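Number of protein chains: 4
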Amino acid sequence: MANRNKTMKVGFIGLGRMGSGMAGRLLQAGHEVTVYNRTPDKLKPLIMLGAKPAAKVSEACRGDAVITMLADDEAVESVVFGEGGILKSLRRDAIHVSMSTISVTLSEKLTAAHERAGQRFVSATVFGRPDMAAAGKLFIITAGAQDVLGTCEPLFEAMVHKTFHMGDEPKAANLVKLSCNFLIASALESLGEAMALISKGGIDRHSYLAILTSTLFTGPAFANYGALIAERKFEPAGFAAKLGEKDIRLALAAAQNLRVPMPVASLLHDRFLTLLARGGENLDWSAIGGLAASDAGLEDLPKAA
Amino acid sequence: MANRNKTMKVGFIGLGRMGSGMAGRLLQAGHEVTVYNRTPDKLKPLIMLGAKPAAKVSEACRGDAVITMLADDEAVESVVFGEGGILKSLRRDAIHVSMSTISVTLSEKLTAAHERAGQRFVSATVFGRPDMAAAGKLFIITAGAQDVLGTCEPLFEAMVHKTFHMGDEPKAANLVKLSCNFLIASALESLGEAMALISKGGIDRHSYLAILTSTLFTGPAFANYGALIAERKFEPAGFAAKLGEKDIRLALAAAQNLRVPMPVASLLHDRFLTLLARGGENLDWSAIGGLAASDAGLEDLPKAA
Amino acid sequence: MANRNKTMKVGFIGLGRMGSGMAGRLLQAGHEVTVYNRTPDKLKPLIMLGAKPAAKVSEACRGDAVITMLADDEAVESVVFGEGGILKSLRRDAIHVSMSTISVTLSEKLTAAHERAGQRFVSATVFGRPDMAAAGKLFIITAGAQDVLGTCEPLFEAMVHKTFHMGDEPKAANLVKLSCNFLIASALESLGEAMALISKGGIDRHSYLAILTSTLFTGPAFANYGALIAERKFEPAGFAAKLGEKDIRLALAAAQNLRVPMPVASLLHDRFLTLLARGGENLDWSAIGGLAASDAGLEDLPKAA
Amino acid sequence: MANRNKTMKVGFIGLGRMGSGMAGRLLQAGHEVTVYNRTPDKLKPLIMLGAKPAAKVSEACRGDAVITMLADDEAVESVVFGEGGILKSLRRDAIHVSMSTISVTLSEKLTAAHERAGQRFVSATVFGRPDMAAAGKLFIITAGAQDVLGTCEPLFEAMVHKTFHMGDEPKAANLVKLSCNFLIASALESLGEAMALISKGGIDRHSYLAILTSTLFTGPAFANYGALIAERKFEPAGFAAKLGEKDIRLALAAAQNLRVPMPVASLLHDRFLTLLARGGENLDWSAIGGLAASDAGLEDLPKAA
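Residue numbers (the numbering used here), protein chains in the order written: chain A, 6 to 310; chain B, 6 to 310; chain C, 6 to 310; chain D, 6 to 310.
Among these hints, one or two may not hold up.
Note that the list lumps identical chains together, so a pair holds whenever it fits in one copy or between two copies.
[Unchecked claim] For lysine-lysine, the following DSSO-like pairs were computed, each having C-alpha atoms within a straight-line distance of at most 30 Å:
1. K308 with K11
2. K93 with K142
3. K114 with K167
4. K247 with K49
5. K238 with K308
6. K247 with K114
7. K251 with K93
8. K93 with K114
9. K57 with K93
10. K14 with K142
Note that these hints are calculated values from the structure, not bench results. Bear in mind that the values here come from a model prediction, so they are computed numbers and not experimental data.
Next comes chain A alone, as it looks inside the complex (with noise of 0.2 Å):
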């Protein structure tokens, strides 16, 4: 708890809408932040906030510590294990703190090559919006070693709303992050399904919305993407379908290394194959939503404008 109020040097590598909040609110904080992002246009407003610009990815992991908030395993890989990237220059025992949304298997491998490089790694999973990165009110998933936990914790007190801890394993929030991103998308065909049904039945959308969101189903998922779903309102992309596809995609990745059938999230991932294949990539995910009303009759596919 002491480390409450100690400030860390720490390099901040993927600014986008969600990693732009969390890197000010570790400014805000007092960190000493240098930050690092493929396109460097994004750097800019945190300049301002008194972050230092790093020119390349060697330049952020001088510090305690990185983080990387970043698209994709791919985009992880090439930072991490490219020429010049986290694992040949981060110093022994400074701190890779992991907060994309990355496969099971990427996690395990980082795991593996930290260690044998000296390095400590540590995963931390996020959920929420970016208006809630930019307020500190995230909900934050970490796992791995607790000292090294610890240690990160005033970087976590900066971005927190409430923090969970999954044991010692860094792939457990990974895990777990995936899990939740099922169970949200799945929220999503469930709604479609049940919107198209009562809607062909000539019942208003918004006021079975208003049932479900009153009585059973109170929480944000149901009533923030319920309404996007009664709406039809899939653009802008908050969490594109591209992404939603690939979170899908993971989590089939995990059940099948598991021996886990899990037959909704297989059907889900068809519903996102639909909607890539039919131009809707950079829709919301909640667009999948929309499918059963498509198949029923009622309405076009999803297509972005």
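On the provided structure of chain A, position chains B, C and D as indicated by the hints.
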């Protein structure tokens, strides 16, 4: 609104765990209630609260309205269309309030039959468990002619936490009820798959559930049923698997008539058939959330003790 | 076997494309055939072959046996149980031969009703196309009392290439027929998925089909339907999509009653609903084999011209 | 055609049950064959037929061509890209003929790697069982440059009943092979569901199969596998469940890359995972056709002895 203080003379047919609580609330609110049940032993506690016992269906049909709260289509058809049934016994302009979870097709048939008989018919389907029924905290979905529903308001007042109105056609309330039960069953299956995945990945199911219910799935559906699935506690049944199978079957029948493909509903129906075929018909319906773990080789198929 | 030369006095109800060919074969074999159809214009060609026209169902019920070959359960129920129907008109010990594709439940109901009426009832379901019916080359699945089927043998002789006997309960022939149509529909869907895959991979569908039909799938189901799917030639309908939907629905109803989960059958039913909802009810049922290509963005959904 | 009498100097890597028969045929046709297998005991019978043993992969790469017939992607990658592998050992313009069932992605990778190395690469995937391999009665799907395939014709001549050419891109032969195995697995599942249905309905499975194979499903896929499912004879494995799982997984990976939703393939993959998770990985892959009966409560899940 003047209705609210008016007491009514009403019959109540079907005194299972839900019906008994509901009839008890009507008595407490001062209504004159005549109660009928196929097995008369259920009547005693209500008689002590002031109910008049009916030996036959027809004796429960002499008031302003008669309420049916029965297990399935067959029971309702028998009580309405059978010898000495509601249709023959209810006076002109008296009201039949159908609160059972029945098919959309039967609701249409009841609407037409009561109209031909010069009687009034409304649907008022119910969300809530037996304890909520006994406490007058139900959610009720009404549909039918507004004037008739206005007349019945003193009855609903005694039973509800909140009422939702779904328009002039009684069947709308039945379709909403069935589609909501589909959404709950869908949550059961998805939770079952997610828990099989994380559990086989070495993560504690209760810790996992705590994340879900603190973040995106804060509603009672996930909290209550998630706990049952995490503990694999499928007995005693709050709502039996065979009733769950029936509701998904009726939702699919409505989808068939409206030509709405519902792949998740189809998958759920096969899950319920598996559960029933393997001896689980008297387990709680949340036991379908245990099938994914069985398929993953984690546990045996859920079975009744 | 002595029966083979015996001619019978028989009614034939239902003169669609299959029924007309079958009745024609009976006439050619020397049987005395009285024909009935709801729309009497179908009778003419058969009258020219020597058939006696019946103005009412009852007039077709005066012989040794009456054959029904109708579109669905509703048609059979109307003709059997309706005013002046078979049940009231057939003499004691005369035979009703049900050759339509009907539900297992209706078959049970017919068995019981005819037994109560002192009449005999057997099922004899049919495989083959109209040209095979006209040529007397059908496959017939019989079920029911052996002595009754023996009596009917001269009738079957006139129509079949081969007969299979399925035991004493008439419903067995109905279950076999429905399950076979499920297998054909399953082949349609799988072919559709495989062809969407190889086609999007740049491979010619006809070349691909040539491999299948030369190696493992040499039977007529794959050859005939594979060609339709490869060409996307779904009109004119040899067997309409709405009849395909009906047969899968009846197979699922049988599965429901026997508590047999059939996930592929469930998936097929949703495919048929999609086809019907989007305007394809009069296409050939092989059009469900075009849905995978549509979902893959290769072609539009199959629609009637 | 002049090629037919030409004998070639060829390496053969992978002498499982299929590979041994194929290499034997090459020897009988007079080709000079150098054989390599990871476990060398498989070489003896071929040496007796005149094969030269190779102690290392590189020794099998000194001729006009080298054939690989291995279990999976990993084995092929190891043999091609590993230390002293085919890529390093094959001379310029010599040919690698890939006959294994591998992924489309690996086929693309091999095409590119061999091109960069100045070598030639073709795919020639195989249909048939070990006895057909030993008798030279295989079906072979070829894809790649016509001139290279022409050069290899004397090799194929020794092994095949019939050859099908799928164009210039080697990966086409891999996609065709995977999609055909998908169709077989689909038949296994559908047969399993149909047999569970009729069996629970009191009908004998062998009588039922006799109908199928006499009418619409006369090909070997239904006849051979239908008999195994009817008898629930899943041991010994002709083709192990774990290989079936692999093939469906590779078909789904190809579908993923081409964005083709394949719901039946997804369902099959979950069936294979169930089988593997419950101890059936060494059963014949037709054991997925036993899962429907298990879900229906007819029999226990198939398990290895």
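Original post:
Of the hints stated earlier, which fail here?
Top reply: Structure breaks hints 1, 2.
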